[in-house]
Each structure stands twice: as C-alpha cells, then as structure tokens.
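> So you can see what is in the structure, the chains are spelled out below.
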Amino acid sequence: MTLKQTPLNATHRAMGAKMVDFGGWDMPVNYGSQIDEHHQVRNDCGMFDVSHMRVVDIKGKGVRDFLRHLLANNVDKLTLPGKALYSCMLLENGGVIDDLIAYFMTEEWFRIVVNAGTADKDIAWMKKQAVIHAPQLEIKDHPEFAMIAVQGPNARAKVWQVLPDTKAKTEALQAFQAADCGAHFIARTGYTGEDGFEIMLPAAQAETLWHALAKAGVKPIGLGARDTLRLEAGMNLYGQDMNESVSPLESGLAWTVDLNSARDFIGKAALLANPPKRKLVGLVLLDRGVLRGHQEVHCAHGTGEITSGSFSPTLEKSIALARVPKDVQIGDTVQVAIRDKMLAAKVVKYPFARNGKGLI
Amino acid sequence: MSNPSNLKYTASHEWIRSEADGTISIGITQHAQEALGDMVFVEAPAVGRKLKAKEECAVVESVKAAADVYAPVAGEVVAVNGELDNAPEAINADPYAAWMFRMKPDNAADVAALMDAAAYQAVVDSEAH
Chain A
395 MTLKQTPLNA
405 THRAMGAKMV
415 DFGGWDMPVN
425 YGSQIDEHHQ
435 VRNDCGMFDV
445 SHMRVVDIKG
455 KGVRDFLRHL
465 LANNVDKLTL
475 PGKALYSCML
485 LENGGVIDDL
495 IAYFMTEEWF
505 RIVVNAGTAD
515 KDIAWMKKQA
525 VIHAPQLEIK
535 DHPEFAMIAV
545 QGPNARAKVW
555 QVLPDTKAKT
565 EALQAFQAAD
575 CGAHFIARTG
585 YTGEDGFEIM
595 LPAAQAETLW
605 HALAKAGVKP
615 IGLGARDTLR
625 LEAGMNLYGQ
635 DMNESVSPLE
645 SGLAWTVDLN
655 SARDFIGKAA
665 LLANPPKRKL
675 VGLVLLDRGV
685 LRGHQEVHCA
695 HGTGEITSGS
705 FSPTLEKSIA
715 LARVPKDVQI
725 GDTVQVAIRD
735 KMLAAKVVKY
745 PFARNGKGLI
Chain B
5 MSNPSNLKYT
15 ASHEWIRSEA
25 DGTISIGITQ
35 HAQEALGDMV
45 FVEAPAVGRK
55 LKAKEECAVV
65 ESVKAAADVY
75 APVAGEVVAV
85 NGELDNAPEA
95 INADPYAAWM
105 FRMKPDNAAD
115 VAALMDAAAY
125 QAVVDSEAH
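Chains as they are written, first to last, in the numbering used here: chain A, 395 to 754; chain B, 5 to 133.
Simulated pairs of lysine to aspartate or glutamate, EDC-like, Cα-Cα distance not exceeding 20 Å:
(1) Lys412(A) / Glu131(B)
(2) Lys673(A) / Glu699(A)
(3) Lys412(A) / Glu93(B)
(4) Lys56(B) / Asp110(B)
(5) Lys471(A) / Asp451(A)
(6) Lys613(A) / Asp430(A)
(7) Lys56(B) / Asp734(A)
(8) Lys54(B) / Asp110(B)
(9) Lys412(A) / Glu38(B)
(10) Lys711(A) / Glu87(B)
(11) Lys54(B) / Asp734(A)
(12) Lys455(A) / Glu532(A)
(13) Lys412(A) / Asp129(B)
(14) Lys735(A) / Asp72(B)
(15) Lys54(B) / Glu23(B)
(16) Lys671(A) / Glu638(A)
(17) Lys735(A) / Glu59(B)
(18) Lys58(B) / Asp120(B)
In short, the hints are calculated from the structure, not lab data.
Looking at chain B on its own, in the form it has when it is part of the complex (with noise of 0.2 Å):
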C-alpha cells in the first residue's frame, strides 16, 4: 500500500489529513502499523486537551508492543475516533481510513509544512538501512 499523496506526514509515522472545516485527522501510517502488527488497544488523547507540536498524546498497542503518537501541530484535541476502541485492528485493515483523532490546528501553516509523500516514503526508505 503506498502513501496517499494527498496527506501529510511525521517522521514519527503519523499521517495527517486537512478536513473541509479546517481542522485535521490524525492516524498512524501503514508502515507504522505493518510494523507493529495487530492491534489490540488504542488510547487516545481527551477532547479540548490542547497539545504541543510533538507532543506524546495517544498510545496504539499491538500484541507485540506499545507505540506513543504524537501531535504533528499545536492545536486542540476536537474529536476522537470512539469506533477504534472496539475496534482496533481497523488500524491493521485500513491506516488511512482509521483516524484517531481530530485536532484544530493553531496554525494552519503548520500544517502545510508537514512532510509530503514522497518525503514520507524517503524517511521509511532510510529506516530500513
């Protein structure tokens, strides 16, 4: 599965989606997931918790192991993606459609200077050196 181009994306395996509304999803990546194996359990960070840029705000765990998330942006936590907590092999199933949560940007130049696809893939390519 290759990274949609139309996303935005961390080093720390977050992707980022822009919303009609102006704010942001937030998920863990395919290599992310595909890494961590099957998951198990998802934390995510309360509603109206503002975050740092960076900041470690939810946890994913697999069978294997537990993985931090952090925030890509400053913002305010707006929602959280409740069906994950049921349902947390949707992350396995589909990266991209299970969101997390949702942020509301501080700036949204922030957003837009988050790494593209491309610089995404080129960080994973250098992970498996």
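Just chain A, same shape as in the assembly (with noise of 0.2 Å):
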C-alpha cells in the first residue's frame, strides 16, 4: 500500500525528519531528539504538520439542531462565533466513534476536525444521520486542506511575526475560539498542554508558511514528542485510550458528556443504562522501567490495563494512562506487569504537565 502524503512531505525529508508509517501517512516522528523536541514545546516553541487530520464543515439551515443530536457534548455551549467544543460522537451503544472539535461559526456554518484514521468513517457516519435527520444540509470534507499547529509559549508571537495581517483577528481570541483569516482559518486549540495555535489553509501555502515560520525559529516538532506531550497533558488518543468498544465515561470523558440536560444525543439511551464500572486515571511508576500500552495493571479492585504510556521528558519518569476498575484511588499503589517483573506506580490524577511545568 502506498502511504499517503501530506504536503509537507518533501520539506520533512529535506529538515531530516525520520519518516515513519502512521496509520497509513508517512509523517515525521522526530527530526533529532525527540526529548529536546518535546522540552522545546514546552519551553518555547515548536510546529506540527497535522495535515493528516480532516477538516469537514457541515452547512445549512438547522446544522445547529443536527449537532445536539450527533455530538456527545452540548453545542449550545457554543455561543460566541469561533468558539470551539472538545466532544465525542458516539454510536447508538456508547461506543465512541472518534473524538472531535466543533467550531460554531455560525448558524449555518459549523467547522468540525476529525482525526486522520477516522475520517472516512466519520464523514459516512455523519453523513448517513443527516439523511435521516437534516437532509438539507451539506457536508464537506476538506482534505485539500493543510494544518500546521504552532504550540509553546512563544507560540502566538511567532505566528503574528510570521502572519502580521492575522493578528488583529487572532489577538483576543480566548483558548478553544477561532478566527478566519481568509486564507487562514486560526484557532487557539492544541495537542499538548501549551498555549499556541493551529492553522488550516490551503495545501499549496504550506510549504512557504511553515519556512517562514522555520525562518521565525520554530523548530519542527515530529509526531513522537506530540505523543509524550499529549499524554503529560492528560489528552486521550483515540484508537488507544478510547474507541468503538468503551464508552466515553470509563475513558476520562465524563466532562465532555452532557447528561444533564433534556437534549437527547445519539448514544445516550445505552451510556444511562450502564453506569461505568472503570474509570481511566493516571500512573506513574514508581519502579525504574517505561509503562507501555495494554500492560496489565493488578489492583487491590481487580485488573486494568494501561492505556497509554511512555516517558515523561517533563517528570523525568514514565507515566500513563490506564483503565481500572473504578474502586481505585487517587493515591492507591498499583503492581504494573512488566515483561517477567511486577512494578509498582501510584495512581494520580492527570495531567502530568501543561504550561511548561510538571504536576506531579
């Protein structure tokens, strides 16, 4: 099978990027260290071509309506043009689907980014509710787009240095709102814990946005540190922590699901009738060792299993994210199976890090 590219692939190979297979893209997973990347996210500033994810915007009269329907989260938290909402979509089960961000642009235009594996079946999804629901709207999928996110706390300068027509319509933009820019659709979200933006604009600006940004002092940044910052930032990965077969609320959603209110979602009738009997928390190993994926975690309550895990650059020490049964504590000593060995982690609440600093 030949991997698909983003538009960025060329000038990867050209910065010394190991290319790697990821989930059927050929994307950079680190340029040099990936510790020195994932610090210089934190400390600084770096950028991502996430070009791989897919933006799709659904258009027309009700889309607003459809949403309550489709998305777990409410989207009557979106008030304000721009603003944006983190949500699962979930099947008639519970199950999730993918996990997304919606941007409310405005009553006939919703923005939704869907993750790169996902997107087919995610559009087919969608689609097929709105055939049944609101067939009078239009939904497109953009993967002509490309996405840069510039993340870090010098994120936002750089961008403005680079981009100085953006800024008036970026400057107020609060975290989890967009702008667009004409060409550049900006929005204040991100992957790994840091302040920054990501940028959708048109594949054939790419190249010349991400030299330019290059030429500013962004370093580029592969997906290997975007995977240790977003685990220290306590953000789920779908596929891993999170898929078809969990419900959202043993998976360290429950914040994104709205069951409060009257609104009836798809997957709410089944996430009612079975209340969680596991819930995700934070480990860190207490043991010297790395904690890896599908590890069993034994616990006083029973057996769990780690959901994501790896090194902390930022703690210096491997964390994770595991599913246990629910019993378990903040604070609770856990034994994680570990090849032949049995090592002990504390269970803590995540995230590990966000704003350059370590929380543990």
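The task is to assemble the complex, starting from two chains supplied on their own in separate frames and drawing on the hints.
Structure (structure tokens):
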C-alpha cells in the first residue's frame, strides 16, 4: 500500500525527519532528539504538521440542531462565533466513533476537525445521520487543506511575526476559539497542553508558511514528541485511550458528555443504562522501567490495563493512562506487569504537566 | 558513523568487543540506537547468569519503544555497566563506547565466527529495502 503524504512531505525529508507509517500516512516521527523536541514545545515553541487530520464543514439551516443530536457534548455551549467544543461522537451503544473539535462559525456553518485514521468512517456516519435527521445539510470534507499546529509559550508571538495581517483577528481569541482570516483559519487550540494556534490553510500555501515559521526560529516537531506532550497534558488519543468498544464515561471523558440536559443524543440511552464500572486514571511508575500501552495493571479491586504509556521528559519518570476498576483511588499503589516483573506504580490525578510545568 | 572494524556484530544489532582478559563486551549498534531514538531505560542481565546464544537477556527502552537485546554467544555474564542506569542516553551519544554487559564466552571460537563489520553493514542495508 502506498502511504499517503501531506503537502509538507518533501519538506520534512529535507529537514532530516525520520519518517514512519502513521495510520497509513508517511509522517515525521522526529527530526533529531524526540526529548529535545518535547522540551522545545514546553519551553519555547515548535510546529507540527497535522495536515493528515480532516476538516469537515457542515453547512445549512438547522446545523446546530443536527449537532445537538450527533454529538455527546452540547453545542448549545457555543454562543460566540469561532468558539470551539471538544466532543465525542458516539454509536447508539455508547462506543466512541471519534473525538473531534466542533467550531461554531454561524448558525449555518459549523466546522469539525476529526482524526486522520477515522475521517472516512466519521464522514460516512455524519452523512448517514444527516439523511435521516437533516437532509438539507451539506457535509463537505476538505482533504485539500493543510494544518500546521504552532505550540508553546512563544507560539502566538511567532505566528504574528510571520502572519502579521492575522494579528488583529487572532489577538483577542480565547482558548478554544478560532477566527476565519481568509486563507488562514486560525484556532487557539492544540494537543500539547501549551498555548498556541492550529492553522488550517490551502495545501499550496503550507510549504511557504512552514519555511517562514522555520526562519522565525520555530523548530519542527515530530509525532513522537506530540505523543509525549499530549500524554503529559492528559489528553486522550483515539484508538488507544478510547474506541468504539468503550464508553467515554470509562475513558476519562465524562466531562465532555452532557447527561444533565433534557437533550437527547446518539448514545445517550446506552450511557444511562450502563453506568461505568471502570475509569481512566494516571499512573506514575515508582520502579525503574517504562509503562506502555496494554500492560496489565493489578489493583486491590481487580485488573486494569494501560491505554497509553511512555516516558515523561518533563517529569523524567514513566507515566501512563490506565483503565482500572472504578473503586481504585488516587494515591493507591498498583502493580504493573512489565515483561517478567511486577513493578509498583502510583495512581495519580492527571494531567501530569501543562504550561511548561510538571504537576505531579 | 560507520561500524568499527575491530568489532563483531549480530543480525539482531548487537556489537561485540573482545577484551584482553578473554571476556567480551556487548552493546547495541549505531543502526539500532538510531532506529530506537532517545534511550530512557536499560535493563542489564544479572551477573552470574548463564546465557545461551541468541537468548533474550537485556532490554533497552527509548521514549518510543522497547527492544530486546540478545546474547551473541553462549556464556556467563561477568559484569554490567551500571553507569547506564542513570545515563541511558550514553547509548545515543556513543553506542560503541556504551557497553551494556560483559560475558565470558563458553567457546572463544563462537566469537570469532560472528559477523564482521562488512557483513553486518550488508544486513543493515538489506533491512533498508
């Protein structure tokens, strides 16, 4: 199978990236030291090519009503144009089809950004639901868009230096808010636990912006550091921390599921009928070693499993997200099966690090 | 960085250096450290452990992944490099200086029969295709 390429593929190679197959995409995993790249984002700023993610525009009368039904989080929270909402999209049985960000632009236009690996099934699901509930809507994805995330404490200043014309529209943006700046759609969002922007733009302009940012001193960062940054920030990764076979309520995502309002949404009945038996917690390894996905976690209340684990460059310890029986408490010590050993780990409240600092 | 010609190699990416006292030092190659990336943990075998050739006996873990390290020949573990416990990144900095453990081989001839640098380079090249 030929790997898919983003518009920046040749640029990554020219910048010395080590390329890997990431869900069918040929993507940079690191350009040099992954740990240096991680610190670069926590302490200064860096840029990520996330053009593999898919932009989907839903347009037409009644788009808000449609999303009230489609998404587990409540788009009624979005009252200010540009405001964004993180939400799961659920199956009828409550399993997670994908997690996404929905931007409210106008009452006839919401922009959705979905994961790369799930984009096609997401769009098929949206269209299937629209046929039933809102056939007047136009659902159009934009694989021709590139997306560059600039993240870190100095990220916004660097973007304004490179794209001065966008400053007027983006300076006042709050976290989780976006502005349509013509060719650039700029959102104050990210996947690192740092401040910054995610910039959507036509593919043909991606290389120019990337090089301009590089010239301004913004370092390229690979998907390797993106994973340790998001794990430290306690952000779920679809396919690892949740998927179609698990409830968002057992995936640390209850805060994104609106069960309190009278609103009905796909998956709500199943969630109400099946109260969670497990929960997602943070782990910090007390012994020497590295926590990894799928390792078994032995607790006083039963067995759980690590969903994401790695080494935390900020804490200089191994950390993980784990799905464990719901009676496990913060502060408990659990045993993790790593190869032929059982190693001790402490249950902690995550995030592990954000805004340049360790929190554990 | 080219593979030093005074060392022996395995297809599983260990390097082997013969010491003056008849023991061998074992580490992982430049190719292996580059593929794994930033090292964060090394688990060496216990001193005194008897190993069969190609037996899994140590682990190196980078931020990205864990990889097994195999005994290149049969023998007994006689020393481990404890410095790597606190500085696994030494493997990235200079993989041919950062030995992980030493063995006393059962048969010196087994060591002589291992791959030389040129043969190992051919293995690396074939993996790239």
